[in-house]
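Note that the protein sequences, when read in sequence, are chains A and B.
For what it's worth, the numbering used here labels the leading residue of the first sequence as 1, then goes sequentially.
For what it's worth, the numbering used here labels the leading residue of the second sequence as 1, then goes sequentially.
These are computed hints drawn from the structure, not numbers from a lab.
Every value quoted in this text rests on a predicted model; they were computed, and no experiment measured them.
Beta carbons: idealized from backbone N, C-alpha and C, even for Gly.
Treat the hints with care, since some could be wrong.
Claimed, not checked - Restraint ranges, calculated between C-beta atoms of paired labels, are given here:
(1) A:Y8 - B:A142: 54 to 62 Å
(2) B:Y146 - A:L21: 52 to 60 Å
(3) B:Y249 - A:R666: 54 to 62 Å
(4) B:D287 - A:A688: 19 to 27 Å
(5) A:R693 - B:D36: 57 to 65 Å
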Amino acid sequence: MGILVPLYLAGLTALSLPLILHLVRRTPRGRQEFSSLMFLSPTPPRLTRRSRLDQILLLLLRLAALALVTLAFCRPFLREAASLSFADLTGKRLAILIDTSASMKRGDVWQQAIKVAEKQLDDLNPQDDVALFAFSDRLRTIIDFQKEGAAPISDKPQVVRNRLKDLQPEWGSTDLGTALVAVASELDTASDIRQSPLEPQIVVISDFQSGSRIEALQSFEWPERVPVVTLAVAPTNTTNAHAQVLPAEEVNELADVRVRVVNSADSRGDQFTVEWAEPKSSGVPTDVYVPPGQTRIIRLPRGTDNLQADRVLLRGDDHDFDNTFFVVPPRKLAATLLYAGRDAAEDPEGLQLYLRLAVANDPLRQIEVRPLDVTKPLTAPGDVEPKIVVVSQPVTEQLRTALTKFVEQGGLLLLVPDGDEAATSVFSFFDDVEYARSVAETAGAGESRSEKFLLLGEIDFTHPLFTPFAGPRYSDFTKIHFWKHLIVTLKLPTTTRVVARFDNGDPALLERSIDKGRVLALTSGWQPADSQLALSSKFVPLVGALLDLACGGTEVSESVSVGQPVTLQSSGQPEPFVVQTPDGREVRLAAEVSTFSETDQPGIYRAKLGSTETRFTVNLSAAESLTAPLDLEQLEQRGVYMGTEQTRAQRIDRVRQQRDTELESRQKVWRWLIVVALGLLVLETWWAGRAERKITL
Amino acid sequence: MKLEALTPARTRASYIDPAALMRIKNLELRAKLVVDGFLSGLHRSPYHGFSVEFTEYRQYSPGDDLRFLDWRLFARSDRFYLKRFEDETNLRCYLLVDLSRSMGFHSLSYDKAEYAKTVAATIAYFLTLQRDAVGLITFDQAIREYLPARYRTGHLHRLMICLEHELAGTATDLSLPLEQVARTARKRGVVVLLSDMLAPVEMLETKLGYLRSQGHEVVVIRILDPTEVSFQFQDESMFFDLESGRELYVDPQAARSGYQERFAEHAKALARVCRGLGVDVYDLTTDGPIDLALFDLLNSRMRRGRQVARRRRV
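Build out the structure end to end from the sequences listed, making use of the hints.
Shown next, in the form of structure tokens:
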């Protein structure tokens, strides 16, 4: 005999009602007013045996009727089978989803997570299937569900347990939404296809920090049969802040760097220090006060002695995992520029002076301008390899061979002929360009002069030299007057490219690629005698662009988050990239592949392509540092069906209850109880009526 | 007035049925009816008028009030004599009527209070007819009304109105009215206490004794309901104390003998106390004729008068 709703047994207290009523009948009905009770003493109520007997039958009838009605409400049933064992439970298909994001590195959070996961495994039945997934910014299947038709893995929980021990938190951010969606849809479809009786369930073990991304849930219709149980783990100390270097506002990287310091909402501390640091030494700490849940942006000057510092360190919080922000330190590029010209270095009428001035104050490059010694080979042993050669004088045959070789190896040759003679020899580098020899057509007498000036009329802004000026703010070259220029004609078909033309259609800048290098030729000099170019504001950037073209661009310190791919700048060379990760591992990319996606830890990566090396930083996602706990209701609001954690005993209870309900609804004992109760009430009424009649008679 | 001059015949059978009497709403009318009947029976007795009566002469001694010197005698005998009179002023009677809630008990169609009021009204009316001063104190646990003893026009009417007031009070304090009389009544008089005396007897003794020591005559008329005496209840029920509101479950069958015993004890104690002080106690049950109260009063006066006379003669 069992009872389905034991709560209704409380209705048995109603049995006291007839008892009380019968007791009440014993107290006198009448009330007698009397002048004074001073002569009266209370007499105990007399109960004769007879009067009690008369009422006891009625009382019993009433009690029985009430008890039966109460019992009927309790929905009694006759138990058939013996008690349930764990083996009677329907199996479940449990997906353990463990968070391996960087925030799990905090304190003992990871150990807690492992313990929680092991507890889940302990509570499994032999008929249950379990899979282990790890997720950070992407989902990894550690152990999948039992494949259909495959031989069952013996003692799968133990296997999972072993794999669990090998797991470690990574550096990725937390994409909870995507992981949930992927696992849920897998579980749902698997249940559909296999018609499996196993109940699917997802258990998420995570610190559920507020930086978790759950947007993926927004557009996903959550399958109703897949409940999610969230098991949160949390560190004891919650103060956590992180610093992030913001992109510079100005071009000059030595300007004060702005650092954003974010303090997590559940922090207890608000006093931190940030400093520039190198791998082995650290700089002067700067205090910063950030109340919990707020953000401060401070200026953190690098200082001259910290130029090589490659990271910003934050101190003062409880957790170190997000305290380092890597920055590629600016590097001075040393390069040599060879100048072959007849003018002296300090000649204000010459080309060389302006060239020296333009490269002198470059903070990122150390350019040495050397005169070209025609007698010597271009590259002397021990010298820095020249990147660029500027020629304005006539070229001898010997020099010409050397220069051609230089260009073929990837050098850049800029030809600025300073006169007729030079022009004749210089333009021999261009096979398809014919020097008109007489250069004074424009003004009627060789070279143009005075009011009769020319402007740059047609500029190819897609050319690397002019791309810095591509914006409408900078593309105005009309202030630069050209008084002298050389007239050349191009033979068709031509391999030479005209990068810029004067407004009369004459070519102003010619370019020709030879093997790896390129040759550029200006038909007008920049010295004041020829044009206003050297004195214009465009000159220095133009020389910069020229150096960029020759030496490769100054590094753009690209910073990506862990897990994001990096596009490496390839110069079309067939050689594959070799990327060195911060821990010293070398990853060789396939040829023609310029995207590096194994950014699995924060730090400074070096990508080598031949002799050039570019560096980029990989930092922890800023969202990962928002370690305040996520409001789990947000998951529910996005449609996730939240289940509750049930132990085996609880599940057995539930199954038992279901079976009891079924039994009860089949037996329907309560109907008979009600019928008997009604019968008793009829009997009671009849008996009471009879007793009444007796009294009145 | 000399009450002892009256010789009422208590044995006569012409009492008015109190039930019939109580149907008359007007208290004054009731009193008139009783007194008229009473007087008609009284007329047969010899009735002397009242005057200030001379008793004796006493020789003057220095310091005596010269007003009472008999100058005529001095003229005749050349000696100073003082005239002595019997102090025979009008009777001052104080009616102390208990109007506490316990007086509201009734087993007949009227309650004890109504009966007590009628008795009081009757006595007052009777005394007023004889030009005596009548005062009234109604009380429960406190004094409700106080009318000093007077004889003047309209005083009786005021007295009747005071008597008409409703019952109140949750207890009976007999000492208060007795104290009040002792404090205010300078001249000796008759104090008639109309109450059911359902209060502890002990403290009554000192107060009554105080009154007696001031020379007052005290008559206690105990008004009782017949049921209070016999306790003739049948069904067990909750007994509700009219004064204190206390409830008690009582089975009359079982409790009757005990009640009667204690009731008798109380009466005995009261009688003992009163006898010791020379106070007369009369029991009146509400089904008895009211004239009896008058008889009792007069009886008491007569006996007292004789005692006084006897004492003086000795």
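Hint check results:
Checked against the given bound of 54 to 62 Å, the beta carbons of Y8 (chain A) and A142 (chain B), roughly 60 Å apart, stay inside it. Taken as a hint, the range 52 to 60 Å holds for the pair Y146 (chain B) and L21 (chain A), whose Cβ atoms sit roughly 53 Å apart. At about 55 Å, the beta-carbon gap between Y249 (chain B) and R666 (chain A) stays in the expected band of 54 to 62 Å. Roughly 44 Å separates the CB atoms of D287 (chain B) and A688 (chain A), a value that falls outside the hinted 19 to 27 Å.
Judged by the Cβ atoms, the range 57 to 65 Å given for R693 (chain A) and D36 (chain B) holds: they are separated by roughly 59 Å.
Checked against the numbered hints listed earlier, the structure breaks hint 4 alone; every other hint is satisfied.
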